[in-house]
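Participant: Full structure from sequences and hints, please.
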Amino acid sequence: MNWNNVSQIAKEWTYEAGEILRKATQESINVEYKTSAADLVTNKDKEIEQFFIDHIKTSFPSHFFLGEEGLATNQDFNPENEIVWIVDPIDGTTNFVHQKRNFAISIGIYEKGMPRIGIVYDPIADEMFHAVAGQGAYLNEQPLSKLEDKGLEEANISICQYWLVPNDRVDHTIFTEMIQKARGTRYLGSAALEIVYVACGRLETYFDFRLSPWDIAGGMVILQEVGGVMKTLDNQSFSVFSPQITIFSNNNVLYEIFETINHENR
7 MNWNNVSQIA KEWTYEAGEI LRKATQESIN VEYKTSAADL VTNKDKEIEQ FFIDHIKTSF
67 PSHFFLGEEG LATNQDFNPE NEIVWIVDPI DGTTNFVHQK RNFAISIGIY EKGMPRIGIV
127 YDPIADEMFH AVAGQGAYLN EQPLSKLEDK GLEEANISIC QYWLVPNDRV DHTIFTEMIQ
187 KARGTRYLGS AALEIVYVAC GRLETYFDFR LSPWDIAGGM VILQEVGGVM KTLDNQSFSV
247 FSPQITIFSN NNVLYEIFET INHENR
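Residue 7 is where the sequence shown starts when you use my numbering, and the numbers rise one by one after that.
EDC-like mimics (lysine to aspartate or glutamate), calculated; alpha carbons at most 20 Å apart, straight line:
hint	residue 1	residue 2
1	Lys63	Glu88
2	Lys52	Glu25
3	Lys237	Glu154
4	Lys187	Asp177
5	Lys106	Glu33
6	Lys156	Glu262
7	Lys17	Glu53
8	Lys237	Asp177
9	Lys118	Glu88
10	Lys63	Glu22
11	Lys187	Asp155
12	Lys52	Glu22
13	Lys106	Glu38
14	Lys29	Asp132
15	Lys17	Glu117
Everything labelled a hint here was simulated from the structure, so no lab data went into it.
Facilitator: In structure tokens form, the structure reads like this:
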């Protein structure tokens, strides 16, 4: 498989899909609820997912598809054994609906569980983050530098408000010292963008505990190419196909975060 050729084709499709979404921000959007009023899906989520399914089926018929809206049919496969495209047609649907910005198309292509290609495209900012594994990461055509050493006091941390109030996933009080030490906190509402923002230095760390493979697959390829790290809350590695409570970070910052979390646990 020539991954550079696949990457070029995938980027061309992503630009085309991004143009559809740019135009859609000027149109009426049909919004539905999935599991709750905070869990939205639009006609454009489904349209863009079908767009990629159709293109992949035509150009790469032996590849499989894993997407948020579940539109791919007649598939029976183990993602650890195949080439699979993991696609979020609109990562940040709530932002797409309310803000008309701060959303992205995310694509990760994995072969037998190994990352090969990552693409995260913000069509409003016209910023495409992309990487072929082992060849570095790029923002548009500019290479991204390896992450610089930074401490927690220099770090902007993206963390959802659900982490900071009582919840059924984690003791929220363990984050108090970390928040007090950090330079600042942010939360964008698009996992794909937040991961690549860590990769390009706009953020130093991103936490979340509600993620699925399509949220993180593209960003993980890009982040690893600049020396970023991806861990669970108990400092373990994880598979893109089974994300847990996940942290995407500059390694030095992550070390200090674990120090403060463990201190709060004592």
